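If you read the protein sequences in the order shown, they are chains P and R. Counting in my numbering, the first sequence runs from 223 upward without gaps. Counting in my numbering, the second sequence runs from 24 upward without gaps.
In case anyone wonders, no lab produced these hints; they're calculated from the structure. Worth double-checking, as some hints may not be accurate.
[Unchecked claim] Listed next, with one range per pair, are the computed distances between beta-carbon atoms:
1) P/R409 with R/G65: 41 to 47 Å
2) P/W534 with R/E209: 32 to 38 Å
3) P/K392 with R/E209: 32 to 38 Å
4) R/K265 with P/D475: 44 to 50 Å
[Unchecked claim] Which bits of chain R does chain P cover? Going by a derived footprint, with three or more residues having C-beta under 8 Å, they are:
5) 64-70
6) 90-97
7) 117-124
8) 140-152
9) 303-311
10) 336-342
The structure displayed is predicted, hence computed values, not measured ones. C-beta atoms are modelled at their ideal positions from N, C-alpha and C, and glycine is treated no differently.
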Amino acid sequence: MNGSAAPNLDRDRLCRLFSVMVAIRRFEELALEAAREGLVKGAIHPSIGQEAVAAGVCCALRREDYLLSTHRGHGHTLAKGADPFAMAAELMGRRPGTSKGKGGSMHIADFTVGMLGANGVVAANIGIAAGAAHAVRLLGEARVVCCIFGDGAVNRGPFLEGLNWAAVFKLPVLFVCEDNGFAATTRTRALTAGPGPLARARALGIEGVSVDGNDVRAVADAAEALLAEIRVGGGPRFLYAETYRLMGHTQTDAGAYRPVAEVESRWRLCPIARARELLTRAGLSTEEIAALEAEARAPIEQAFTAARAAPWPEPELAWMDVQDLGAEWPVTAAEIRL
Amino acid sequence: MTRMSYREAARLALAEEMRRDPRVWALGEDLGRGGVFGQYQGLQEEFGPERVVDTPISEAAIMAVAVGAAMAGTRPVVEMRFSDFALCAIDELVNQAAKARYMFGGQCRVPLVVREPIGMWRSSAAQHSQSLEAWYVHIPGLVVLAPATPADNRALLKAAIRCDDPVVYLEHKNLWPLEGEVPEAEEVAEIGRARRLRFGNDLTLVSWSATVHAAAEAAETLADEGIDVDLLDLRSLWPWDKEAVLESAARTGRLIVAHEAVRVSGFGAEIAATVAEELGIPVARLGAPRIPVPYSPPLEAELQVTAEAIAAAARRLLARNVGGRV
Chain P
223 MNGSAAPNLD RDRLCRLFSV MVAIRRFEEL ALEAAREGLV KGAIHPSIGQ
273 EAVAAGVCCA LRREDYLLST HRGHGHTLAK GADPFAMAAE LMGRRPGTSK
323 GKGGSMHIAD FTVGMLGANG VVAANIGIAA GAAHAVRLLG EARVVCCIFG
373 DGAVNRGPFL EGLNWAAVFK LPVLFVCEDN GFAATTRTRA LTAGPGPLAR
423 ARALGIEGVS VDGNDVRAVA DAAEALLAEI RVGGGPRFLY AETYRLMGHT
473 QTDAGAYRPV AEVESRWRLC PIARARELLT RAGLSTEEIA ALEAEARAPI
523 EQAFTAARAA PWPEPELAWM DVQDLGAEWP VTAAEIRL
Chain R
24 MTRMSYREAA RLALAEEMRR DPRVWALGED LGRGGVFGQY QGLQEEFGPE
74 RVVDTPISEA AIMAVAVGAA MAGTRPVVEM RFSDFALCAI DELVNQAAKA
124 RYMFGGQCRV PLVVREPIGM WRSSAAQHSQ SLEAWYVHIP GLVVLAPATP
174 ADNRALLKAA IRCDDPVVYL EHKNLWPLEG EVPEAEEVAE IGRARRLRFG
224 NDLTLVSWSA TVHAAAEAAE TLADEGIDVD LLDLRSLWPW DKEAVLESAA
274 RTGRLIVAHE AVRVSGFGAE IAATVAEELG IPVARLGAPR IPVPYSPPLE
324 AELQVTAEAI AAAARRLLAR NVGGRV
């Protein structure tokens with residue numbers, strides 16, 4: 223035996239990853255609840271079932287590292303350390319939201335924790351991530367850029383252009399393809415030629431690995447290893463994580479195009495349930511695990527309670543932050559309401 | 024004053040800004056060889072391949088990289104080679120660059136400049152000749168500039184690089200060799216100010232980019248006929264100098280806007296409509312017919328807004344104002 227330091231370290235990490243996953247799950251549940259009540263007006267894309275990718279990857283990042291996400295980005299953003307109250311308020315279009323209520327769910331961003339934005343356009347974040355990494359290089363900074371996109375993104379041009387760019391300029395980017403099986407409401411595999419995303423990355427000379435995206439420990443191990451290679455100047459790396467979207471595409475999509483039996487079988491592979499098993503095996507009691515869960519959920523529940531009571535943005539805010547030169551302003555308060 | 028070309032003036036502006044601010048860098052195809060029009064000649068030698076970056080032919084990536092790099096603290100100058108190719112990067116410009124500051128609630132700025140050479144030039148045909156400035160003016164978040172002279176190409180490019188929001192910078196391909204006087208002293212233009220080329224009280228003529236030179240020629244011809252034209256080079260299309268245009272139009276009582284772009288929904292329509300709304304005076308617009316740019320010179324000539332066409336429109340407008348509808 224090597225003593226207990228390593229297993230303890232692993233157990234602590236597992237507890238942390240588990241807590242982050244539980245927080246994400248609770249966030250998505252409460253976001254859906256708020257949407258059902260009409261408090262979230264716009265589309266939300268729940269990541270229920272995909273929490274292991276968000277937690278495993280984003281917890282491996284440092285605060286100063288940059289993250290770019292997708293329209294299904296609540297989990298990534300939370301795991302990068304964003305304030306759940308500001309996020310919940312953003313979903314409800316309230317003044318204290320991360321973007322003052324001007325972006326909503328699809329444009330969640332928190333620059334204070336290096337989260338440079340979710341993106342409403344599939345694959346658009348790939349080139350932007352390469353650009354952020356190019357700036358990191360030019361400015362001589364030590365950051366790494368992490369870019370998470372879905373399986374649907376690999377069929378858009380920016381996937382090729384952005385990966386090629388990062389490889390040619392040997393930029394510090396971790397590309398993460400979070401394959402949840404569906405491009406909106408169509409099975410991605412039916413519309414994707416060749417052996418898949420990782421093979422496409424490798425064809426461009428970008429090394430990477432494939433992991434079970436529902437095994438948080440495997441995702442974290444893989445992300446940490448790839449990030450270590452990137453940090454020593456190895457250039458971009460690619461992580462392919464296969465998972466499953468347990469909900470529909472948006473809050474209004476029941477996902478009825480999937481056989482019930484398929485979804486049920488996938489619930490049995492739920493990453494949180496699997497992490498619970500890992501914790502049990504690591505020696506945590508049922509009570510200890512339940513306490514961890516309650517502790518992770520509480521701040522999310524408080525965040526939503528507070529967000530529900532948060533003020534609306536002033537109408538004047540609609541006119542702000544368009545541009546410095548040539549910004550149009552209403553002459554009178556009456557014109558604002560035109 | 025020093026005499027230099029429009030091309031030379033832009034190169035000088037970029038070199039000066041890159042010397043001044045280490046965060047400024049340029050990226051685009053073939054820049055190391057001086058750029059397709061020689062407007063980057065010698066810059067890679069001075070600043071190195073890290074700051075004057077040769078890129079793959081990946082317009083979407085070039086623009087997206089600039090967006091990301093601008094959000095992450097640098098000031099990229101993007102070269103699109105031909106404005107027509109910028110259409111391969113329109114999501115990156117319109118959905119990303121122009122929106123990031125707003126949709127992230129002011130958490131970031133996107134200080135990038137996109138240089139897009141526009142216009143008809145040496146029989147370049149339908150995919151290398153367009154002037155699409157009206158598209159960009161339509162997009163909240165963008166600044167749109169279109170210099171017509173060497174002095175402006177230096178002063179406006181410098182202003183564009185110092186601007187904290189994305190700037191679409193439209194240089195006209197026909198103007199690259201145009202020579203003109205450029206001040207010795209470093210001049211940074213005030214974005215949004217028109218330049219008066221000629222003072223007159225009979226008619227206001229507004230133009231920009233290469234068409235300014237046709238407008239100036241038309242104004243000469245009209246002066247010989249006793250018609251005094253107030254000629255404004257807009258230079259900056261967004262923001263545009265509404266104050267100068269309205270002052271002039273109120274004084275002359277007649278407005279013509281002349282541009283190379285397609286007349287239908289061209290930016291001239293916005294200016295004419297604004298003047299008509301504010302002053303209720305007669306207005307006229309000159310632009311290309313709504314057809315793609317053809318290759319053969321006599322066919323291409325069908326689209327051009329010439330000095331003769333501008334002068335003829337001026338005479339028509341004056342006749343209409345004096346004697347009612349013509």
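Which numbered hints does this structure break?
-> 1, 2, 5, 8, 9, 10
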